[in-house]
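Novice: What follows is the residue order along each chain.
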Amino acid sequence: MLRAEDVKAYYETRRGPVRALDGVSIALHENEIVGIAGESGCGKSTLVKVLYDNVASPLRLVSGRAVLTRAADDTSVLAASGSIQDRWWRDISFVPQASMSVLNPVVRIGPHFRDSADAAFRQMGRGAFWARVREVLSGLRLGDDVLSAFPHQLSGGMRQRVVIALATFLDPRFILADEPTTALDVVTQKEILTLLVDVQRRMKNSLVIVSHDMAVHYQVTGRLAIMYAGKLVECGPTSGIFREPRHPYTRLLIGALPRIGQRGKLSGISGVPPSLLSPPAGCRFAGRCPNVMDRCRSEEPAVRSVGNRHVVACHLHEPVAEDDS
Amino acid sequence: MRFVAFLLTKLLVYVLIIVIGVTVVFLVPRLLPSGPVEALLARIMAGGGFMEPAQVESMRVSLTQTFGLEGTLWEQYRGFIERVLLAGDFGPSLAMFPTSVNVLIRQALPWTLGLLLTATIIAWILGNVIGVIAGYRKDKAFSKVLELIAVAVYPIPYYILALILIILLAYLWPVFPMSVHVRSAPLSLRFLATVVHNSFLPALSIIIVGVGWWVISMKALSSSVCEEDFVQFARLRRVSDGTIMTRYVARNAILPQITALALMIGGVFNGALITEIIFDYPGLGSLTYMAVMQSDYNLLMGTVTLSIVAVATATLVIDLLYPFFDPRIRYR
Chain R
1 MLRAEDVKAY YETRRGPVRA LDGVSIALHE NEIVGIAGES GCGKSTLVKV LYDNVASPLR
61 LVSGRAVLTR AADDTSVLAA SGSIQDRWWR DISFVPQASM SVLNPVVRIG PHFRDSADAA
121 FRQMGRGAFW ARVREVLSGL RLGDDVLSAF PHQLSGGMRQ RVVIALATFL DPRFILADEP
181 TTALDVVTQK EILTLLVDVQ RRMKNSLVIV SHDMAVHYQV TGRLAIMYAG KLVECGPTSG
241 IFREPRHPYT RLLIGALPRI GQRGKLSGIS GVPPSLLSPP AGCRFAGRCP NVMDRCRSEE
301 PAVRSVGNRH VVACHLHEPV AEDDS
Chain H
1001 MRFVAFLLTK LLVYVLIIVI GVTVVFLVPR LLPSGPVEAL LARIMAGGGF MEPAQVESMR
1061 VSLTQTFGLE GTLWEQYRGF IERVLLAGDF GPSLAMFPTS VNVLIRQALP WTLGLLLTAT
1121 IIAWILGNVI GVIAGYRKDK AFSKVLELIA VAVYPIPYYI LALILIILLA YLWPVFPMSV
1181 HVRSAPLSLR FLATVVHNSF LPALSIIIVG VGWWVISMKA LSSSVCEEDF VQFARLRRVS
1241 DGTIMTRYVA RNAILPQITA LALMIGGVFN GALITEIIFD YPGLGSLTYM AVMQSDYNLL
1301 MGTVTLSIVA VATATLVIDL LYPFFDPRIR YR
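If you read the protein sequences in the order shown, they are chains R and H.
For the record, in the first sequence the residue sitting at position 271 is 271 according to this note's numbering, with numbers rising by one throughout.
If you want this note's numbering, it's the 1-based position in the second sequence plus 1000.
None of these hints come from the bench; they were simulated from the model.
Among the clues, some could well be false.
[To be verified] Selected chain H positions facing chain R (Cβ under 10 Å, derived; list incomplete):
| no. | residue |
| --- | --- |
| 1 | K1140 |
| 2 | K1144 |
| 3 | P1157 |
| 4 | E1228 |
| 5 | V1231 |
| 6 | A1234 |
| 7 | R1237 |
| 8 | R1238 |
| 9 | M1245 |
| 10 | R1247 |
| 11 | Y1248 |
| 12 | N1252 |
Every residue, glycine too, gets a C-beta built ideally from N, C-alpha and C.
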């Protein structure tokens, strides 16, 4: 299991700390696809950085931790000690946002596989190693010939598939994909998403997809976490969230999606997110929320369960019993 | 097929550059008010010898013939091109008449090449290795020290540095000779050892200045490559530090340095005037200097043509070799 426990991670800037993550907890289980959604600057990518233990200046982990436990022996590996980094690429791997430029332009594709797997190469031996690489490539509908190609000779979609092959060929338990399809055209997007899901089904590992595109989450994720201004506002099964979104922000996000046969203008969400240099007291969405109440501006809503593994942080969903007083 | 077309275009450009360069070399001295014949005659007269006006006139005619200065400009040019480009003959030196320019260049060339090629290549390798390390580990203390040394040494004027070396290593602690005392001798191991011993100080002075420049430029190049996505991603996928530094950072940052090295090797054929003067070193630089001071047009044309051909050749070679260094570049 991979989880973030009450993580506060701030970017240190000259004007003060930018509170990109302010008390976020999330747990990722084996064999599931989790989506992380939210608009730009909500902390999605920062959360992935913390989960991947890739925290480097100016980002600073103020409190909380990321923990990677392996189901087999249940040994905890703590991020704070830097040892998730020791598991990089074997137990946890990463598919970056800008896959156009993540391959070394002057080196052929083959050595890229060899470079990131010294231990595995020694363990498996030359023959088994390349057989494994070929198997993964063919699973992604890539021929052997890409191994001898230079990155610039491949199309954008092929390069992204090579990156996915790189991230999956050592059979890691967790794959974190940060906007894996954002730089691609819609046709290739669909293809890459399908392949990612195929790979996950075969390997039965768990896949995290970060995307601002709600349609992507609807299509592929099993569970969805929605973030707003450094906070987790809602998390639950994707189907449940799309059927009955609890948080007003989620409702507005889903309402902004175009529907077939829809007439009239699509509604956006008016206003802009608050500054993370000096976030407002109370609920951070209060300024744009159509259901805002007085207490939203002073009291921060806690994350509460609304049943069926579904949690939400909103005063609208407080248990009735507490309202009596 | 595409390569053949590419090669032919490049060769055509190569020949064109040399012809244009040599033409300029041919024209410029002829635009000067004083000619070599008059200069030589004046020198003979100043020597105190007395000559009848008729003798002077016949001497003028014969010198004009010898120097290839008779006929119209076009006839001279045709003769010049035939002689220089096709036969590779620059004629006699005017200052050291009748020694031919070819012989003078042939004597100076091995000295210049031996010193400058060795020093340039050593400085390039050393500077780039230090530069990559300093750029890749820019937060480490030793990187900062290395860069500080490079930045401190680089701006020292070359002749000051050379004089400091002479004072330190030839005067205060006399391990090397103050100036070069070897002249041509039959090739033997002993002779080579003397040459190396004599050339050590001039080489060291060139290397120190060169290394400073290569360190500064390579450090800048590699620290910008370090910020590239493919280096960051290599770190995230646990590529070992050594591999990232060599195969990812150095391999990409070195590309502009290869071009710079090729051009610098072309420039080697200019000689190194200040080095040669300070260390009394018999190279092409002093030869060119002498040619300028004594209006020795043939010699000047010889050394300048050599350097034009050298730079053009270096450019051609780098054009042809570049696709081997950077796979994104193709012959086209």
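Novice: Are any of the numbered hints broken by this structure? If so, which, sorted upward?
Specialist: Structure breaks hints 1, 2, 3, 9.
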